[in-house]
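Note that the protein sequences, when read in sequence, are chains A and B.
Position one of the first sequence corresponds to residue 0 (numbering that gives the first Met the number 0), numbered consecutively onward.
Position one of the second sequence corresponds to residue 0 (numbering that gives the first Met the number 0), numbered consecutively onward.
Hints were generated in silico from the structure; no laboratory data involved.
Positions of the beta carbon are idealized from the N, C-alpha and C atoms, including for glycine.
Keep in mind that the hints are not guaranteed to be accurate.
[What the hints assert, rightly or not] Not everything, but these chain A residues come out facing chain B in the computed CB check (under 7 Å):
no.	residue
1	Ser1
2	Ile4
3	Arg5
4	Phe35
5	Gly37
6	Ala99
7	Leu131
8	Gly132
9	Trp154
10	Ala269
[Said to hold, decoys possible] Which chain A residues face chain B? A few, computed with CB under 10 Å, are given here:
no.	residue
11	Met0
12	Ala74
13	Tyr100
14	Ala121
15	Leu162
16	Ala236
17	Leu238
[As the list claims (entries may be wrong)] Sample of chain A residues with no beta-carbon within 12 Å of chain B, all distances over it, derived:
no.	residue
18	Arg40
19	Gly109
20	Glu157
21	Ala275
In case you want the letters, here they are:
Number of protein chains: 2
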Amino acid sequence: MSDTIRIEQALSDILGSVQTEDAPPRLAAALRYAVFPGGARIRPRLCLAVARACGDDRPAVTDSAAAAIELLHCASLVHDDLPCFDDAPMRRGKPSVHKAYGERLAVLGGDALIVLAFQGLAAGCADAPARLGRLLPIVSRSVGLPSGIAAGQAWECEPFVDLSVYQRAKTSALFAAATEAGAAAAGVAPEPWRLLGDRLGEAFQIADDILDVAGDAAKLGKPVGQDAAHARPSGAAQLGLEGAIRRLGVLVDGAVASIPDCPGAEVLRAHVLQVAANLLPAEIAEQAA
Amino acid sequence: MSDTIRIEQALSDILGSVQTEDAPPRLAAALRYAVFPGGARIRPRLCLAVARACGDDRPAVTDSAAAAIELLHCASLVHDDLPCFDDAPMRRGKPSVHKAYGERLAVLGGDALIVLAFQGLAAGCADAPARLGRLLPIVSRSVGLPSGIAAGQAWECEPFVDLSVYQRAKTSALFAAATEAGAAAAGVAPEPWRLLGDRLGEAFQIADDILDVAGDAAKLGKPVGQDAAHARPSGAAQLGLEGAIRRLGVLVDGAVASIPDCPGAEVLRAHVLQVAANLLPAEIAEQAA
């Protein structure tokens, strides 16, 4: 089964398991709207790729971990787009959740997606409590305090912000959770896998900053120029476009170099390089040359 | 150690564990503000009381379950008070979180409290993965879809609402989680304990509806008349004040009768009756006579 099918199936199964006839229909619809169709699903793909490199002996556990990571990512997008934050009208090429379903269902939808990540993890690990014991701290800390997504977003509400602390929390935390959870889902010690996620997360964030400066709103499916508009810290603003593109290359090299010895290391290195190659459109990447 | 000290200590420890110096200070402060000082802590007390009745052989597990239930309750209050829902200026006798810290930190604060419940559960069950495997589905489903708190709140966004479905999700779900989690934390099968939580939750909800009609805002620390103002379904409106007070009595009797055989059943029955006696102020309860 391809990773695409595996991820979409896992997400669909988890959503389906709670979208029963006693669920409030509009909230259920808002959840599905927030999750499908997805973006690049880069985080759950990374989780699967690491699990596979480590043997992936409990695929149901891996699927629930990958789906949890993606659901938490979707939740953060729904809440980030709210009027009190970015007030973003579009996301993934269609109206954002609060535009389509109203602000109340966007708040509740984000909440329910966070919770669903943990419901799914519980279900996927029903026969593997020891793995659940490793996964739950990894997944939960990636979205909370002190250094998960909610903390990252909250740095935007502080008068003084350290760019690297901000970005590590807002973006790298969930990438690090994806690699650590991939390893833990396969029964392997997660800590050595953290660096891969950290570096890929930082690479992804800087690519996102670059696209916000130099990208094309129509191709991205969301507005550009948002970092400047919201006075958000930005790597592209701090390093300049060329400096940011150079930094991206250094981070990708570091990510590849960090991959621990494991049965599938070679395939995983190729996966990481392919992910990295897709972070920027060719016309922007060429400016670096 | 009294239950009060035990609960406050558990909450304080969990909050302290994530309020490190790399956490965004205003979000960290908003979280503490949302949790302390608490209300009656009725849900975590119930969780502890059930665990004790079942032996409470792993107090750290019990504490993390009770704290998780309370953190999820606090999260729901923070989000319920937001401008797009109740726009409540006051909560527990002081400005609501969005009034004190702004709407963005109220959204993120609720998110972070939800996540913290699971971080705390992971930490408390670090040496008890089998118990974690029982607790995580109980705790997570109580706040998600199809019938947890977020679903309950979302029924307010639907054109047609069944009062009992709405209230079961919005209130009873977390009470049922408190009793089930208390049993599961003590290593006992949780299902037989669900009815106690369901009935107490329904009793609590109808008492809340009664207070919203007949209570005193100054004593409650929050505005009254909110159900009518927001056109929310209300048991007191549906049954009339006297009918609602009668229904409350039936539910409390049913709750006491539902307590399964266990070593501490007698003490637990007394606890439940005491909780019930405090649901309404004497002057309102006397109207029923």
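Going through the hints against the structure:
no. : hint   : in the structure
1   : Ser1   : violated (28 Å)
2   : Ile4   : violated (24 Å)
3   : Arg5   : violated (23 Å)
4   : Phe35  : violated (15 Å)
5   : Gly37  : violated (19 Å)
6   : Ala99  : violated (13 Å)
7   : Leu131 : holds (6 Å)
8   : Gly132 : holds (4 Å)
9   : Trp154 : holds (5 Å)
10  : Ala269 : violated (33 Å)
11  : Met0   : violated (26 Å)
12  : Ala74  : holds (8 Å)
13  : Tyr100 : holds (8 Å)
14  : Ala121 : holds (4 Å)
15  : Leu162 : violated (14 Å)
16  : Ala236 : violated (21 Å)
17  : Leu238 : violated (23 Å)
18  : Arg40  : holds (22 Å)
19  : Gly109 : violated (7 Å)
20  : Glu157 : violated (5 Å)
21  : Ala275 : holds (28 Å)
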